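Enquirer: What follows is each chain in one-letter form.
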Amino acid sequence: MATGQASLPPLDVTRAPEGGEVGAVQSGWRLALREFMSNRLAVVGVAILLFFVVVCFLGPLFYHGNTLQANLIDAHDPPGAGHPVGTDVNGIDILGQLMKGGQASLEIGFFAAFVAITIGALVGAVAGLAGGIADTVLMRITDVFLSIPFLFVVLILAVRYGASVLSLSLVIGGFSWQVPARLIRGEVLTIKERDFVLAARTAGSGSWRLIGRHLLPNAFGVMIVNVTFQVADAILIVSYVGFLGFGLHYPNIDWGDMLSDGTGYLTDGYWWLIWPVLTCIVLTVMSLNFIGDALRDSLDVRLRRR
Amino acid sequence: MTAYLLRRLGTSIIVLIGISIFVYLLLHAIYPSPARAVLGLRANNAQIAAWNQENGFSRPVIEQYLSYMNGLLHGNLGYSYANNQTVGSLFAERLARSIYLSGISLLLAIIIALPLGIFQAAKRNSLGDNVLTSAAFILYSMPVFALGLILIQVFAISFPLFNFEASQSTSIWTVIGDWHSMLLPVLTLTLITVALYSRYMRSSSMDVLAQDYIKVARAKGLPERLVLMRHLVRNASLPMITLIGLSLPFLLAGNLITEYLFNYQGLGLLFYDSLGKEDYPVLLAYTLIGAVFVVLGNFIADIALTVADPRIRLA
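Protein chains in written order, with our numbering: chain L, 225 to 530; chain V, 14 to 328.
It should be emphasised that the hints constitute simulated quantities derived from the structure, not laboratory data.
Which residues of chain L face chain V? A partial, calculated answer using Cβ under 8 Å: (1) R364; (2) I372; (3) P373; (4) L379; (5) T487.
This one's a predicted model, so the numbers in the text were calculated from it and none came from an experiment.
Every residue, glycine too, gets a C-beta built ideally from N, C-alpha and C.
Please build the complete structure, drawing on both the sequences and the hints.
Expert: Written as structure tokens, this is what we have:
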């Protein structure tokens, strides 16, 4: 990104190369935060994401749209008094739906990413640390999962077992841990050669303690970047599932569901059934991509984008 | 190089076997037998057991898996009870249409994205580069259907220039000739792919531009155009080989979302229909073949890369 290119602001770190006086050296995380905040797109991304989280989760406390009862007198009302974003075919308030659907989409996005990063971290750390045959087997399994067209499997499972926030998160997370597993394995391979790991080993740390206390915390940068993209991808996948008509069931709803309902009226001019929810999906995914890119720029120097 | 390719082939085969076991077991676990769908809701347990016995669905899973794989390797993809047709013939009916849609979009995307990425890298941080990068970023964050819906709204409804439904003809030649209906689906897929490819092309061009041989080429007085044409294009296009390999599955498995949105009778829509009908033989074959093409695409890309790039060949 062009703005990712922007040069770093001068750091007020007085570092003496050899001996000499060393001033307040800032921690790596501080530096990362500083670079992150200097990225305008990242700040915009955080703002957009916060906006959606606040509106979707706190909005319903203040705005009570009818999202449950059919009210045919108010069907297909355009945006106006009482219904800021209009109503759908059953007279259900779109703004209320957007908040409710946003909750579901964001919950699935974050939870699926959590599941994916947990499995990925375990597989990657174990494979990287163990090496040898365990590494080979785990990585071939990762290859297998990486090659399975994951949207198809999610759809098959969603149709068969019904879609709920929990099931979709588990399925999406359960099939998207491969990339984090590979990334974390790569990290672990380099970290485990470092002296502090040797020191910890010498001090008697077992493998699990090593993974939990030393390897994963040091791979945290890679993990947090990946989680951001995982959330974006999961929200996209959920919207695909919903768009194809296999999403959450009434009274629950997600953004993809709403879109699926709305596209039926594309030619009728009921624009408020389509474009608001589409904007929500695109903006949320875009904000997460902004944040992920900026995090990568600030945390992971090797993957620095141009 | 031969050793590398052989090792690569070995890994691919192991992965393929792993995929087939996993996908088969998964689908078998959630849908052991199509007996209920075939015999109807009124069939009793004895009838179902008899049907299972007769059609081999009561054998141990391993045996069923082996006989399915045996059939698969002999070109028998199974039988769709919902359509009363072999899965192979169902696929054959639609294969050409999916290949056409995905193939033409892929081709257009390469033709557009290559020069676009090079242009952006050569004029980095110019106004044109920034506009294109932003556009690519927005497109990249869009679900495919979002772009499709916008194109439909603008070019089929607000300004009714094109059809919002893809060609419904069963003849591939009619479909190819009917650009009035095919333009929007092709455009949707092309734009999404261009967004992805041009991002990679821009960054790989920029890597190449920083190389010493580009400096040498410039230092010996070669015009910038020739530097780009002779030295940049071929080197910067290498990562594209991998990307195109990754796109191979879409080429053959069709594109679910685009085909659904434009009601295009390709393989993707077949998968969608089969989902609704719980037609598991089709879903199984489709998922398996999709996975096979992912592996195949990666493998072909690796071979192509080895052939194209002596640095890999000799390493």
